[in-house]
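Engineer: Using the sequences provided together with the hints, build the complete structure.
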Amino acid sequence: MTTASEPTTAIANPPVEALESNLLPSDVVRISATRSPPQPDRQLTKVAKLIDVSKCIGCKACQSACIEWNDTHPELEANVGLYENPHDLTPEMYTLMRFTEYENPEGDFEWLIRKDGCMHCEDPGCLKACPAPGAIVQYSNGIVDFISENCIGCGYCVTGCPFNVPRIHKTAHVAKKCTLCSDRVAVGQGPACAKACPTQAIVFGTKEEMTAHAEERIADLKSRGYENAGLYDPPGVGGTHVMYVLHHADQPALYAGLPEDPKIAPVVEGWKGPAKTVGLAAIGLAAVGAALHGLFGRANVVEPSDETAAEKLVKSGTSGPGEGA
Amino acid sequence: MTNSWTDIKNTDLVVIMGGNAAEAHPCGFKWVTEAKAKRGAKLIVVDPRFTRSASVADYYAPIRPGTDIAWLMGVIRWCIENDKVQWDYVKNYTNATYLVNEDFGWEDGLFTGYDPETRNYDQSSWEYQIGEDGFVRTDPTLQDPHCVWNLLKAHVDVYTPEFVENVCGTPKDRYLKICEMIGETSAPDKVMTSMYALGWTQHSKGSQNIRGMAMLQLLLGNIGLAGGGMNALRGHSNIQGLTDVGLMSNLIPGYLAIPRESETDYATYMSTRGNKPLFPNQMSYLQNYGKFMVSFMKAMWGDKATAENGWGYDWLPKLDIAQYDALRMFDMMANGQVNLYFCQGFNPLLAFPNRAKMTEAFGKLKLLVVMDPLETETAAFWENHGIYNDVDPAQIQTEVLELPTTCFAEDDGATVNSGRWLQWHWKGATPPGEAKTDTWIMANVFQRLRKLYAEEGGKAPEPILNLAWDYADPEEPTAEELARELNGRAIGPVHDPADPAKVLVEPGKQLSGFGQLRDDGSTMAGCWIYTGCWTEDGNMMARRDNSDPGDMGTFQNWSFSWPANRRVLYNRASCDLSGKPWDPTRKLIEWDGQKWAGFDVPDIAVTAKPGEVGPFIMTPEGTGRFFSRRLMRDGPFPSHMEPFESPVENPLNPAMRGNPVARMFEGDLAQLGDRSEFPFVATSYRLTEHFHYWTKHNRVNAVLQPEFFVEISEELAAERGIAKGDRVRVWSKRGQVWAKALVTRRIRPLICDGKPVHVVGIPIHWGFKGAARKGFGSNTLGPFVGDANIETPEFKAYLVNIERAEGEVMA
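Heads up: the protein sequence lines correspond to chains R and X, in order.
318 is the number that this note's numbering gives to position 318 of the first sequence; each next residue is one higher, with no gaps.
214 is the number that this note's numbering gives to position 214 of the second sequence; each next residue is one higher, with no gaps.
Everything labelled a hint here was simulated from the structure, so no lab data went into it.
Glycine included, every Cβ here is placed at the ideal spot set by N, Cα and C.
One or more hints might be untrue.
Computed cross-link-like contacts, SDA-like style, restricted to lysine to any residue with a CA-CA straight-line distance of at most 20 angstroms [said to hold, decoys possible]:
| no. | chain 1 | residue 1 | chain 2 | residue 2 |
| --- | --- | --- | --- | --- |
| 1 | X | LYS177 | R | ASP108 |
| 2 | X | LYS609 | X | ASN281 |
| 3 | X | LYS42 | R | GLN200 |
| 4 | X | LYS177 | R | ALA219 |
| 5 | X | LYS177 | R | GLY225 |
| 6 | X | LYS38 | R | ALA212 |
| 7 | X | LYS774 | R | GLU75 |
| 8 | X | LYS291 | X | GLN447 |
| 9 | X | LYS42 | R | ASP108 |
| 10 | X | LYS436 | X | ASP412 |
| 11 | X | LYS177 | R | GLN200 |
| 12 | X | LYS38 | R | ASP220 |
| 13 | X | LYS91 | X | GLU81 |
| 14 | X | LYS153 | X | ASP115 |
| 15 | X | LYS42 | X | MET181 |
| 16 | X | LYS38 | R | HIS213 |
| 17 | X | LYS38 | R | ALA219 |
| 18 | X | LYS84 | X | ALA187 |
| 19 | X | LYS774 | R | VAL80 |
| 20 | X | LYS304 | X | GLN447 |
| 21 | X | LYS38 | R | GLN200 |
| 22 | X | LYS436 | X | ALA409 |
| 23 | X | LYS38 | R | THR100 |
| 24 | X | LYS304 | X | PHE446 |
| 25 | X | LYS724 | R | HIS213 |
| 26 | X | LYS38 | R | GLY225 |
| 27 | X | LYS172 | R | GLU106 |
| 28 | X | LYS755 | X | SER676 |
| 29 | X | LYS774 | R | VAL29 |
| 30 | X | LYS609 | X | MET181 |
| 31 | X | LYS436 | X | GLU410 |
| 32 | X | LYS291 | X | ALA498 |
With beta-carbon atoms standing in for the labels, derived distance ranges [unchecked claim]:
| no. | chain 1 | residue 1 | chain 2 | residue 2 | range |
| --- | --- | --- | --- | --- | --- |
| 33 | X | ALA409 | R | ALA78 | 29 to 35 angstroms |
| 34 | R | ASN228 | X | GLU81 | 54 to 60 angstroms |
| 35 | R | PHE109 | X | LYS366 | 52 to 58 angstroms |
| 36 | X | ASP473 | R | ALA78 | 47 to 53 angstroms |
| 37 | R | HIS169 | X | TRP426 | 35 to 41 angstroms |
| 38 | R | PHE109 | X | ASP108 | 36 to 42 angstroms |
| 39 | X | GLU803 | R | GLU68 | 38 to 44 angstroms |
| 40 | R | GLU20 | X | GLU476 | 43 to 49 angstroms |
Structural biologist: Now the structure itself:
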């Protein structure tokens with residue numbers, strides 16, 4: 001079969017004609033709660049979305065495009081004295097502009113605006129934490145996708161995520177997050193947010209191209225006095241398929257608590273990785289340890305008791321970036 | 001815009017002042033990011049608030065609302081003092097060398113000729129010295145104390161950096177840094193662009209704010225150049241087009257004037273128009289005024305317009321006063337002088353100041369007809385919505401008719417963008433329900449009216465009975481038919497003036513440019529500046545060739561740009577005296593020895609040799625004006641005036657309130673607040689998430705910005721005991737609103753006259769209809785006074801008070 005062209009950048013308008021899909025179930029390289037990962041016979045080019053915070057004007061066109069493309073229905077909230085609306089990521093709002101007021105050491109004021117959402121980690125903590133077979137997959141181009149029909153809404157992915165991104169839908173009981181518009185990428189298009197972005201602060205393409213584009217942007221920022229401008233592509237999660245250009249790459253936490261060095265929580269690594277025999281009590285989860293114990297010997301299949309345990313886990317989970325920003 | 005959106009990519013320095021392009025024009029703002037990314041351009045933002053534009057700026061400075069003139073005159077002073085002047089440009093392309101009447105002067109913030117009784121200037125001293133030859137006298141050495149240059153120097157002398165800091169609240173170090181950045185663009189190969197919007201127009205001296213920057217741009221030699229110019233960012237989709245075809249109550253299409261009552265016949269009307277050149281050989285393009293006017297009247301009345309009847313001049317309405325602008329109409333309405341009001345694509349209950357007065361005005365109408373795609377607050381002004389529209393329907397007798405119209409995506413037509421591009425669009429959806437195009441509605445009203453006049457007669461029936469109405473379906477002229485009519489066509493043979501035997505355009509053919517218009521009745525054109533938009537070659541507005549051979553963003557084959565498909569106005573000034581571009585990397589046109597040619601349509605006769613004709617062909621002198629002439633009611637130079645409601649006195653003249661010649665209706669003066677009662681400065685603005693009062697009807701937009709809020713500094717919040725997210729009451733002399741408080745460090749108290757001035761930011765987007773939460777607009781609070789020249793309401797600077805509101809929760 002002929003495959004569609006790989007996605008080009010959002011800078012060069014992708015074709016509008018319907019293209020044949022290039023992202024197929026057979027391109028999945030990792031599947032949650034599945035022992036033997038698939039071995040696709042081809043490798044897609046790695047893709048990335050690059051968000052240049054220094055070009056972002058916080059217009060929320062990305063949020064609007066995300067709502068429309070994914071046909072979600074976020075609640076009409078109140079104004080609570082913030083520009084963030086909705087106030088946080090929700091199961092109906094996969095991306096969110098977060099606004100931070102910052103006075104730099106020179107005394108100049110800055111209004112830092114960061115588009116929050118799934119980072120599409122190369123080493124996805126959500127997928128590793130997920131106990132539901134096939135609920136979370138990763139394609140060979142790097143996109144991490146939630147497959148709702150396989151999702152049990154346990155919320156383990158929330159704990160597994162170092163960026164506090166997935167949200168559990170209260171009525172549908174499934175986890176929701178940005179899909180990097182895998183359905184658009186599959187036909188050679190870029191994500192809806194990139195398409196809508198008026199200043200090309202959001203661009204999309206191969207990870208290699210995006211990294212090169214970021215270098216140009218960083219050079220420009222350095223020429224304007226942002227000595228610590230840099231690329232956010234954190235190695236602790238194997239790099240990400242959503243990257244940021246930051247004016248202050250030495251202080252990512254300035255941007256509404258973007259983690260300095262995100263890593264998959266030890267509990268998740270301990271559970272799924274080679275150290276799985278380490279007792280859960282030792283890593284601070286004695287309360288749920290008993291319930292989780294049964295998972296160790298087999299693929300992650302969830303019993304009702306696990307759900308209860310998971311809920312407790314979620315409730316006791318650490319608060320992540322952005323909360324209360 | 002003198003230039004175009006796409007041209008902004010060519011600049012070295014963007015100054016956003018009097019606007020907030022990233023917030024209110026996010027799509028156009030992409031050209032700023034393009035200039036920054038590709039040209040290394042810098043962005044300066046000057047605004048009372050640290051805005052979304054400021055968030056991506058290289059440098060920001062705060063300013064107290066309503067003090068832009070002082071700020072800009074200070075920059076001009078700094079540039080002169082530091083020799084940051086494009087001298088060749090100033091001496092040759094501006095009126096700097098012209099001599100002005102010796103009687104002209106300026107004192108105590110006022111120019112010569114002021115009459116406090118009539119609140120008007122006698123402008124007779126604001127004139128050039130005219131020599132015996134009938135041409136203006138000049139002093140090319142700039143020595144004469146009465147030459148414009150020396151008058152300008154004297155005029156700006158008071159605006160020292162200290163004066164600016166004291167009046168505007170802009171810290172001196174920040175101000176001087178910006179002066180330096182701006183001053184660099186006086187080099188012939190450096191260019192600055194000015195992007196402004198309602199932040200400059202919505203003042204009682206809005207026109208003078210804009211003139212201030214235009215003068216600075218002339219001083220720096222930045223008008224007419226790629227990447228330069230004065231760029232007004234229009235606030236409504238197609239408001240540029242509406243202005244072009246006669247939005248102003250004193251204008252007919254193409255910026256021609258509606259006659260005054262005193263101009264009793266066409267010859268009298270023309271006697272003060274078609275300006276004679278002030279220099280030998282100068283073009284003074286408006287000498288062609290009669291051709292545009294006769295062609296317009298031929299478009300109106302066809303065969304009925306003849307040389308004998310002055311082309312139907314008698315049938316044009318005549319103004320008994322300067323203008324019936326919206327403020328005047330609503331004042332008349334409030335006084336019971338208006339019976340019937342057609343409100344088309346307009347939501348004045350939320351858009352015009354002093355809402356209580358607006359509500360009173362609508363309640364005195366007999367009939368209000370609202371044509372709109374949405375359910376507007378204006379149409380529902382009589383409904384009670386609790387605190388959000390606290391009226392008693394039983395007391396209102398006005399009959400309201402709502403006629404649902406199509407919106408832009410539901411019909412064909414052209415939309416004119418800020419850069420004067422007429423871009424054709426095609427219907428994308430079928431209108432819902434009984435919605436009809438505005439054209440259908442107006443045509444049907446007209447047909448019925450004409451029938452009544454034909455059958456029953458009436459006073460002055462000729463304008464109605466004689467109106468040309470040659471459309472295939474008289475009940476619904478199509479967009480194509482109307483566009484062809486605006487463009488114009490030959491009625492009789494159009495002859496070549498150089499060779500009368502030669503016929504340039506055969507009868508019935510579409511004209512290809514306004515150079516073909518005639519004042520002998522052989523042509524018709526509804527709007528002369530649009531001629532060329534629909535020629536014999538078809539619909540030029542529908543062109544979509546995005547090739548750009550010079551890479552100058554001039555896109556000659558993309559849509560049609562008025563006038564004459566020209567993308568950069570005054571582009572002759574982009575070249576030096578010999579006709580070579582000041583900056584070869586920014587070539588728009590150049591003189592090739594025989595003619596002007598390049599990547600844009602030359603703004604000069606293509607064969608006019610360099611040096612023979614000045615570059616500003618629309619003025620009789622051919623130059624740009626530091627000293628304006630006959631056009632500004634409030635002075636030939638901008639002079640600092642405080643807003644009508646101000647936290648401080650005018651240091652130039654403490655007794656002067658607001659703009660001394662701005663119109664104030666009886667009763668409105670008493671409704672002005674005083675700083676003792678209303679200590680804080682309010683300023684209104686838009687948010688990216690919404691478009692005016694439309695998008696609150698859309699669920700997605702409503703989610704992104706759901707509820708009315710006001711923005712205040714941490715300092716003011718502390719002073720008034722207000723916390724983030726609190727409900728607050730904001731009130732002015734004219735009304736009160738309730739809002740959520742957004743407490744931010746993006747607004748800081750400004751130190752003016754030694755005292756802190758607090759700013760309260762009030763976005764405009766909420767009402768009592770639509771998907772968003774119910775709220776208010778800033779118009780509830782704003783003063784009923786407008787700009788002295790064009791009557792744009794003073795929404796950007798007025799006084800309020802604020803307190804934490806107890807009790808009632810927002811509905």
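Engineer: Against the structure, test the hints numbered earlier, and report the numbers of the ones violated in rising order.
Structural biologist: Of the numbered hints, 4, 8, 11, 14, 23, 25, 29, 30 and 34 do not hold.
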